[in-house]
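Chemist: Protein sequence lines, in the order shown, are assigned to chains A and B. The numbering used here numbers the first residue of the first sequence as 1 and each following residue consecutively. The numbering used here numbers the first residue of the second sequence as 1001 and each following residue consecutively.
Heads up, a few of these hints could be off.
[What the hints assert, rightly or not] Using 25 Å as the maximum straight-line C-alpha spacing, the simulated DMTMM-like pairs for lysine to aspartate or glutamate come out as follows:
1. B:Lys1026 - A:Glu45
2. A:Lys3 - B:Glu1100
3. B:Lys1026 - B:Glu1054
[Claimed, not checked] Which stretches of chain B does chain A cover? Using the computed rule of at least three CB atoms under 8 Å from a CB of chain A, they are:
4. 1044-1050
5. 1063-1076
Rather than coming from a laboratory, the hints here were simulated on the basis of the structure. Where is the CB? At the ideal position from N, CA and C, for every residue including glycine.
Listed below are the residues making up each chain.
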Amino acid sequence: DAKTTQPNSMESNEEEPVHLPCNHSTISGTDYIHWYRQLPSQGPEYVIHGLTSNVNNRMASLAIAEDRKSSTLILHRATLRDAAVYYCILQSGNTPLVFGKGTRLSVIA
Amino acid sequence: DAGVTQSPTHLIKTRGQQVTLRCSPKSGHDTVSWYQQALGQGPQFIFQYYEEEERQRGNFPDRFSGHQFPNYSSELNVNALLLGDSALYLCASSSGLVGETQYFGPGTRLLVL
C-alpha cells in the first residue's frame, strides 16, 4: 500500500500557482520524497524529488515540512499542459516505486 | 538520445493465450522495472531486472515472468492470460543507484477478450 495520502482531485486556473499537498506521517529517515506526474495516454514522468531540504527545478518546487511528515509540490504557473495525475511517492534505497491513486489536477483556461 | 521505448503500443489477445512485451531502456541505464496499471489506478510494481537477473518482485503470480538481455533491454511475458490482465504495462529504466529517478516508457495497452 502507498505510504502517502493525497487529495483525489484539485482544480486550478491557468497562469495561477498550484500547491499539491501530500501527507506521509510514517516517513522514515531514509525515505526520499518523489513526485511523478502522468499526462493522459502517457507513462509517468519524473517531476522532482528531495530528502530534507526544499528543492527547485525547471518544472516545479518541492517544499518539505520540517518534521518531513508532509510535503507540497508547487507549480508556479499552471498551464493546460500541466493537467495530469500527480503522484507523491516515498522511496528508500532501491525499493520499487509504490504508486497510490494520486491527485488529478485540472487546469481551467 | 532516445528515451525508454516499448513495443507494441497496443495488443489484443484472448483468454488463455500468452503475450510478450518488449522494452528498451534509456541510454546509459542498466536497470529495468515493469509495472501494471489498471484503468483508474496507479501503476503496480511487477518486477525489476538488473544484470540479467530478477532483483525484486511485486505481488504478481508466476504467470508473469521476464528476461533481461545483455544490452539491458527486457521482455515481460504473461502466460494463460485472464480478463483481469487487461491493463497498461509500463516499463521504467534507471541507473540502479539509490534514489535514482526512473524514466518511464509510453506503455503497452493490452486488452484480453
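Chemist: If a hint holds in the structure, say so; if it doesn't, say that too.
Modeler: Hint-by-hint comparison with the structure:
{"no.": "1", "hint": "B:Lys1026 - A:Glu45", "result": "13 Å, holds"}
{"no.": "2", "hint": "A:Lys3 - B:Glu1100", "result": "19 Å, holds"}
{"no.": "3", "hint": "B:Lys1026 - B:Glu1054", "result": "19 Å, holds"}
{"no.": "4", "hint": "1044-1050", "result": "holds (count 3)"}
{"no.": "5", "hint": "1063-1076", "result": "violated (count 0)"}
Hint violations for this structure: number 5 only, all remaining hints satisfied.
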